[in-house]
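A.B. asks: Chain by chain, the residues run as shown.
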Amino acid sequence: MIRDLKRVRNIGISAHIDSGKTTLTERILFYTARIHKINEVRGKDGVGATMDSMELERERGITIASAATYCEWDKHNINIIDTPGHVDFTVEVERSLRVLDGVILVLCSVSGVQSQSITVDQQMKRYQVPCIAFVNKCDRSGANPAKVSAQLRDKLGHNSVIMQLPIGLEDRHEGIIDLVTMKALYFEGENGEKVVVKDIPASMMDEAKTAREKMIDAVSLFSEALTDAILEEKEITTDLVMEAVRTGTISRQMTPVFLGSAYKNKAVQPLLDAVVNYLPSPLDIENQAIDMDNNEEAVILESSFDKPTVALAFKLEDGQYGQLTYIRVYQGCINKGDTLVNSRDGRKFKAGRLIRMHSNQMEDVEAVPAGHIGAMFGIECASGDTFVSPQINYTLLSMHIMEPVISLSIVPKDNKAQINMSKALNRFTKEDPTFKTYVDHETGDTIIQGMGELHLEVYVERMKREYGAEVVTGQPRVAYRETITQKALYNYTHKKQTGGAGQYGRVSGFIEPCDEDFLFVNKVTGGRIPTNYIPACEHGFKGCMEKGPKLEFPVTGVKVTLEDGAYHAVDSSDMAFKAAARGGFLEAYAKAKPVIKEPIMKVVIETPNEFQGSCMGLINQRRGIIQGSQEEGVMSVVESQVPLSEMFGFSTILRSATQGKAQFTMEFSAYKQVPQSVAEEIVKKKLEEKSKK
Amino acid sequence: MLKKDLILKSPVSRTIGIENIKDGRFGAVISRAGVGKTSFLVQIALTQLLMNEKILHISLVEPIEKINLRYNDGYTNLIDSIGYVDPQKALRLWEDIYPNKVGISYNESTFDTEKIKDYLKSFKKADLGMPSIIIMDGLNFDKDVSGTLERLDQLSREFSVFIWFSIKSHREEKLCDDGYPIQLETYKDKFDKAVFLNPVEDKIAAVILKDGARTDKAFRLDSATMTAIEE
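Protein sequences, first through last, are from chains A and B. Letter 116 of the first sequence, counting from 1, is numbered 116 in this note's numbering, and no numbers are missing. Letter 134 of the second sequence, counting from 1, is numbered 134 in this note's numbering, and no numbers are missing.
Calculated from the structure, these hints are not laboratory results. Do not take every clue at face value.
To be verified - Derived coverage of chain B by chain A (criterion: at least 3 residues anywhere in the stretch with Cβ under 8 Å from a Cβ of chain A; other residues may be distant):
1. 5–13
2. 60–67
3. 153–164
As the list claims (entries may be wrong) - Calculated lysine to aspartate or glutamate pairs in the EDC-like style (CA-CA distance at most 20 Å, straight line):
4. A:K487 with A:D517
5. B:K89 with A:E512
6. B:K190 with B:E150
7. B:K125 with A:E646
8. B:K190 with B:D144
9. A:K147 with B:E108
10. A:K597 with B:D96
11. A:K6 with A:D306
12. A:K597 with B:D118
13. B:K89 with A:D154
14. A:K542 with A:E516
15. B:K66 with A:E639
16. A:K155 with B:E150
17. A:K147 with B:E65
18. B:K125 with A:E610
19. A:K155 with B:D144
20. A:K147 with B:E62
21. A:K602 with B:D144
22. B:K121 with A:E610
23. B:K66 with A:D154
24. A:K602 with B:E95
25. A:K602 with B:D96
26. A:K661 with B:D118
27. B:K66 with A:E632
28. B:K117 with A:E366
29. A:K672 with B:E108
30. A:K672 with B:D96
31. B:K54 with A:E639
32. B:K124 with A:E646
Every residue, glycine too, gets a C-beta built ideally from N, C-alpha and C.
Looking at chain B on its own, in the form it has when it is part of the complex:
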């Protein structure tokens, strides 16, 4: 019951749609620094965890302690957003779903997709359930990442796993003619989904840049907790 409530309340249900999270291969959450890309990605991951799926969170910018902290905060915010919940119940659910999350922090300079491949292979070898999505936080799209994306694309096909990326845009840069930030423009064909987070006053507007029929829809999120605001 609690699980269901949390999934329904998740900002991801409102914006991307639960059934839609892993439909395709690549998704992107784009915003300039400090708006809440990683927090939004964590909400995507939490939704999957609540659906009893496994997830793999890879960060090239944050240490593992920080990643873990983000998940704790994300879960707490989600719990708080549905009103009073028995703390014992909330804790039990957390203990239940949390082990399905694996966080890995790599050095950006030495990151190699082969490492993820090795890891996923070990799942196959041990006949374990594969992660349903990979969160890839901190890949620098200001550089040429075409090679990395190509390899991740292969990995996504081989292991049937959807990869959600964070993409950092810059305040001073203008959007391209089709409304995409320049960092996404180059690789837009690779991505099935893209959500742009834009601070508007004290809230955050989540605009669907790319996602089939949902394209161009906009939603409002709380800037502190990344939870959806009832319209």
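Chain A with its partners taken away, still in its complex shape:
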């Protein structure tokens, strides 16, 4: 691995589903000589793109797990993480962005900025990841890169600057004009591997000059030298422009826009040049960790090899040789045989076999130095764990993980499936923090939870294919919550004197709605309840939040204030106060007007204009609220908020209503109160279930 970090790039490729990320990655690997043959996504050759290594991914033409790979371009080491575009797998995107230094944001030249691009963009903002944009599919009918660049500005608020002009669009897309070098680039050879540099066609010269002027004007904001050169009418050199673009991009103040068609092998090589020239090296990015031994102070990590090691496990995979842990090293260097500590549980381990990945093929390496991405075998850990040298106790900032909103019961078909299912679930929960599982003690069913129907569906299929565990699934269930809507008082005495040691504890105070999940405020004065019993009271109250008294859904948004109470010198105990708190909670809860809350999803449908009315109708029929609809060329976008419980099977319904021409994305938006009529239905169902048990 290259040790000169200036020549290392850790990048991701993010975009809306079907924008051509995987195709682009495939071309990059081909041009950087990592692969010798191009396979198409959902290819007719039956092979499937190299990055889509899971069988299921190839079949569906979507990328589920982010496969890491590396390549070399212009004496630079580029580590690429191919990220999934489907919202249900957003945690994968989030994890990738956490470890990346820069991103290629792929946009479709016809569809432009789509809903998923907006989600990905928000994630990039959260992790402050600089990006360059690639307007793909310029060979498609209706391609309009200028419109896409304008959308980047209007919809995502990027300072987008066009760096290239297309030579012809749609089926006449031949090449591009590089506005920095003012040359025309054509891509010849069977796979476009031969870049032919020519003069700009005379017919496009004026347009190119105007576009370059505009570009220079925009990037001059990031370089005084360039501004001086313009003012003093000196020669504007290529280096001067490139330096300004690099500064603007790394500081996230501008997004250079490149274009081409990965599928038609056009303009991928200039994009690789842009990765090298404009995206940051690990040295350009400041990474922070928290020093657990020093009051959780933030520490800035240095990409130096002789400092103590700090690395993040950002992805786990179960391979034939055991667990494969993908890591990004931020400081120091992991050598084979080094002793490291997992800062989450303090466990020490030795780094065994180290590798770097090229999709599902691996190359052994001796060390993974700071700034690089690699993988190690045989480490017991969870995704998001920090590995450090024994002399320090740092942890990298935790990743933003969302709570699951949907659950499904699964029952193994036979005994063999039972064992394999446990293995699979154990693996999946380690790999994906948004995928959770537990056993319902009342029914004995295994419940899996996730971020959407597709998310769970993929795991059920993976169980079958990778672990041979066939399971029968139940109806998907929505993760309802209970909450209170008004303040209510409690004054409860727990008293038991039935022989032996008695139990005594009295608590009084009130509960009220709040924005946090749970808050406990102790306002007891004068030792009315001894301090040593206060934690037991808190425990007692908190325990009630797990299962609501109304319908046994988890309770959220309750602030408990403990104001007064009483104790007995002999009969009071932690247990007595816990029981008193539980009694107090139940007493107040009933008076606090409890309601049920349900997850509301942001649903965005993209449909041909002729089906816009029907799509809005579908939303209306599902208790949905249409926030707006916008015609964009031949397509319309309908944005809405719909309760998750109404969205089961929606993809089939949408397909049949639009002749399969519309698609939708769905992501969690908020928990909202269920309307009275629906709440009554839920109560009825819950009671029926209870009586069956």
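Position chain B relative to chain A; hints supplied.
C.D. replies: Just chain B now, with coordinates in the frame of chain A:
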């Protein structure tokens, strides 16, 4: 209480009259470009939202983000016009009424009344409450819109919905003998109500061109916020 105060303070209560907003089939807000037709239409819609009605805002000229922004601004201006309001209360009310507004942005060149019809039908099919009014912003009255108006008239009858239009007049054009701008003159029989917005110094005069007994009455509005000025 807040709802009531806002309705009373609304420029629409003063000019058109709350009970009068959807009395008939067509209404028009006319002015030259940039005076505040859309802002006034938004105030009409907001008044309906405050009365727990649903509204449909169709724009042929503005993207959905802009429409949404106009509603946010319109509501904020209305709140500010009644003095201090607890921000939490104002926000809760907004969250309460805002979902009853649907905004749709169509391309002017491909706009077809059938699309609205499809949409309204879906309300009927799902047995949902229909919008009480439709705001139709950006229809170009300099062209022949008689066909479109005819179809919208049918739609208005079929779904019992009142349609408020914006009509752009031009500075250089003289008013017709009856005081109507030329764009309205051709279709004046179709309209039950018409409000003409005219900038006078730093205020806006809202003149009722057509509305039964209210005809020819004039009111003054704040040009920045479109809220009514106490006389």
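A.B. asks: Now, for every hint given, state plainly whether the structure supports it.
C.D. replies: Now for the hints, and whether the structure bears them out:
1. 5–13: violated (count 0)
2. 60–67: It holds: at least three residues are needed, and the region 60–67 of chain B offers 4 whose Cβ sits within less than 8 Å of chain A.
3. 153–164: violated (count 0)
4. A:K487 with A:D517: holds (16 Å)
5. B:K89 with A:E512: holds (18 Å)
6. B:K190 with B:E150: holds (9 Å)
7. B:K125 with A:E646: holds (17 Å)
8. B:K190 with B:D144: Holds, at about 14 Å.
9. A:K147 with B:E108: holds (18 Å)
10. A:K597 with B:D96: holds (16 Å)
11. A:K6 with A:D306: holds (17 Å)
12. A:K597 with B:D118: Between A:K597 and B:D118 the Cα gap is close to 32 Å, so the pair fails against 20 Å, i.e. violated.
13. B:K89 with A:D154: Violated, because 32 Å separates the two Cα atoms, which is more than 20 Å.
14. A:K542 with A:E516: Status holds; Cα separation ~13 Å.
15. B:K66 with A:E639: Answer holds: B:K66 to A:E639 is near 15 Å, not above 20 Å.
16. A:K155 with B:E150: Outside the cut-off at roughly 36 Å; violated.
17. A:K147 with B:E65: holds (17 Å)
18. B:K125 with A:E610: holds (19 Å)
19. A:K155 with B:D144: At roughly 34 Å apart (the allowed maximum being 20 Å), B:D144 and A:K155 break the hint.
20. A:K147 with B:E62: Holds - the C-alpha atoms of B:E62 and A:K147 are around 16 Å apart, at most 20 Å.
21. A:K602 with B:D144: violated (40 Å)
22. B:K121 with A:E610: holds (15 Å)
23. B:K66 with A:D154: holds (11 Å)
24. A:K602 with B:E95: The hint holds at about 16 Å.
25. A:K602 with B:D96: Holds, at roughly 18 Å.
26. A:K661 with B:D118: holds (18 Å)
27. B:K66 with A:E632: It holds: about 15 Å lies between the C-alpha atoms, which stays within 20 Å.
28. B:K117 with A:E366: violated (68 Å)
29. A:K672 with B:E108: Cα-Cα ~36 Å, so violated.
30. A:K672 with B:D96: Satisfied, since the Cα-Cα distance of roughly 12 Å is no more than 20 Å.
31. B:K54 with A:E639: holds (17 Å)
32. B:K124 with A:E646: holds (19 Å)
Figure legend: structure checked against the earlier numbered hints; hints not met, in rising order: 1, 3, 12, 13, 16, 19, 21, 28, 29.
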